[in-house]
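Participant: Numbering (UniProt numbering), first residue to last: 1 to 441.
Derived by calculation from the structure, the hints in this document are not laboratory data.
Nothing here was measured: the structure is a model prediction, and the numbers come from that model.
Be careful, since some hints might not be right.
[As the list claims (entries may be wrong)] Simulated crosslink set (SDA-like; lysine to any residue; CA at most 20 Å straight-line):
id, residue 1, residue 2
1, Lys42, Ser317
2, Lys430, Ser280
3, Lys110, Thr131
4, Lys312, Val296
5, Lys320, Lys431
6, Lys42, Val371
7, Lys431, Ser280
[Said to hold, decoys possible] Derived CB-CB ranges, DEER-like:
id, residue 1, residue 2, range
8, Arg236, Asn375, 47 to 53 Å
9, Lys69, Phe423, 41 to 47 Å
10, Lys42, Ala308, 17 to 23 Å
11, Asp402, Asp281, 46 to 52 Å
12, Leu77, Val296, 42 to 48 Å
13, Val300, Leu129, 37 to 43 Å
14, Thr404, Leu293, 44 to 50 Å
15, Gly246, Arg133, 21 to 27 Å
Built from N, CA and C at the ideal position, the CB exists for glycine as well.
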Amino acid sequence: MKLKNFFSSKGIILALIVTIVYGSLIFWIYDSGYQGVPKDIKELPVTIVNQDFKSKKLAQQLKKSLPFKDIHESENLSQSKKDLQQRKTYLLINIPPKFTQDIKQGHKVKLHFYLNDSNPTAIANSLNLMTQRLGQIVNQNLALKKQTLILAQPALRELKQSIQQQQIDSQAKLQIAQQQIALAPAAQQPQLQVELRQQIQAQKQQAKVQIQQQKRAVINRNNMKAQNVVQPVTTRVHHRNYVHSGMNNLMAPFFNNIALYLGAMIGSLILYGVYVKFVSDIGRLRAFADLELAFVFLAVVGSAIVTAITLKIMPISFAKYCNIMLGHIVSLFLYYNFNLIMILLFGQIGASFNIIFTMIQIVSGAGIVPVLVMNNFFKSVHYFSPLYYGIQNDFNLMYGGDLTSQQQIGTILLLITCLCINFVIVTIRKKQPMLHFESLS
Numbered sequence: 001m002k003l004k005n006f007f008s009s010k011g012i013i014l015a016l017i018v019t020i021v022y023g024s025l026i027f028w029i030y031d032s033g034y035q036g037v038p039k040d041i042k043e044l045p046v047t048i049v050n051q052d053f054k055s056k057k058l059a060q061q062l063k064k065s066l067p068f069k070d071i072h073e074s075e076n077l078s079q080s081k082k083d084l085q086q087r088k089t090y091l092l093i094n095i096p097p098k099f100t101q102d103i104k105q106g107h108k109v110k111l112h113f114y115l116n117d118s119n120p121t122a123i124a125n126s127l128n129l130m131t132q133r134l135g136q137i138v139n140q141n142l143a144l145k146k147q148t149l150i151l152a153q154p155a156l157r158e159l160k161q162s163i164q165q166q167q168i169d170s171q172a173k174l175q176i177a178q179q180q181i182a183l184a185p186a187a188q189q190p191q192l193q194v195e196l197r198q199q200i201q202a203q204k205q206q207a208k209v210q211i212q213q214q215k216r217a218v219i220n221r222n223n224m225k226a227q228n229v230v231q232p233v234t235t236r237v238h239h240r241n242y243v244h245s246g247m248n249n250l251m252a253p254f255f256n257n258i259a260l261y262l263g264a265m266i267g268s269l270i271l272y273g274v275y276v277k278f279v280s281d282i283g284r285l286r287a288f289a290d291l292e293l294a295f296v297f298l299a300v301v302g303s304a305i306v307t308a309i310t311l312k313i314m315p316i317s318f319a320k321y322c323n324i325m326l327g328h329i330v331s332l333f334l335y336y337n338f339n340l341i342m343i344l345l346f347g348q349i350g351a352s353f354n355i356i357f358t359m360i361q362i363v364s365g366a367g368i369v370p371v372l373v374m375n376n377f378f379k380s381v382h383y384f385s386p387l388y389y390g391i392q393n394d395f396n397l398m399y400g401g402d403l404t405s406q407q408q409i410g411t412i413l414l415l416i417t418c419l420c421i422n423f424v425i426v427t428i429r430k431k432q433p434m435l436h437f438e439s440l441s
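Turn these sequences into a full structure, and let the hints guide you.
Facilitator: And the structure:
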């Protein structure tokens, strides 16, 4: 009978509901959040910088062969590198000056690829693999074209000489025909001139077709030979903001901020109990002010220690310590206040909402996939995700990159919004909800 009462208690029923809801909801969050990888990588913007006006055909071929939808063309390599640094573009392909001319002259040529390694793991890995495959394809095609032209040069010279001789012969025949027309009766000369022009036009058209056919035949013959002796054209991949190999290094900004966020989530729950205890003694507003001071203290001390441990573990220079620590202070203070909203509204039960928000932010934080390949739900949510701003800030501070003005303004606005919401809740709510778990029996 006691066992029956135990299993029919509110706590058992609530635990079952939580298990079902969390299990299904979190699976849906991750499934919908990551279903765009890798197929939606094609949504990323890439740039082709063509500095050789004779390589327009190659640029068009590259554009057609790339699986991306948003392909920009430019002649300004310096500006394109800045765009890569600011993540306005994710892959940069550079065709250097005199590229086609050097191929025709048999010189060594290089096609340059630029990647920003300071990006979410899925994107950095996918673009690295894609660049390698694309480099192999371009190498083979350009090398084959180069070797074909080298092998075909003698035959093409012979063909050119043959064409010149044919033109000389045709000119001689034309002069003879003109002389014959001049000897014909005057009444017949106009008709003979018309027939001669038609004949010349037909011969020119026929000669043009024959020349193209002969040239194509020469290229095709030597193309087969070139496939056996082709030497690869060099492609060079330039890695911007280099990240050491290993998923632990690529995922460090994500792991670091998840750890800080979870610490802040639990910390805000604990400090809520302290806040409730002191409300009756010093008042709501004074207790709230003290709570915020506690958040500042914890953010400073916690960031100083956690950042030092992180840099000790990671292959990152301690010269970056101060900048990374300052970034963590702002992020951690934001994490505390964001998690405090639900707890001030619902008491300890608000932590269950914070867990759901955490799961959503694991996707919208853009630590694994960038915002551009997310579905519309996560694209909208990322603006209000503290983890997004913290993770992007760590990518920039740990490995390099520029924090955009949108991200800077977003961090400040979100922090101010959280502080204002918490202040309003404290001002309006006179009684602080406290959950007594023994009442669930």
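Participant: Check each numbered hint from earlier against the structure, then list the numbers of those it violates in ascending order.
Facilitator: Numbers 1, 4, 5, 8, 10, 14 - these are the hints that the structure violates, sorted from lowest upward.
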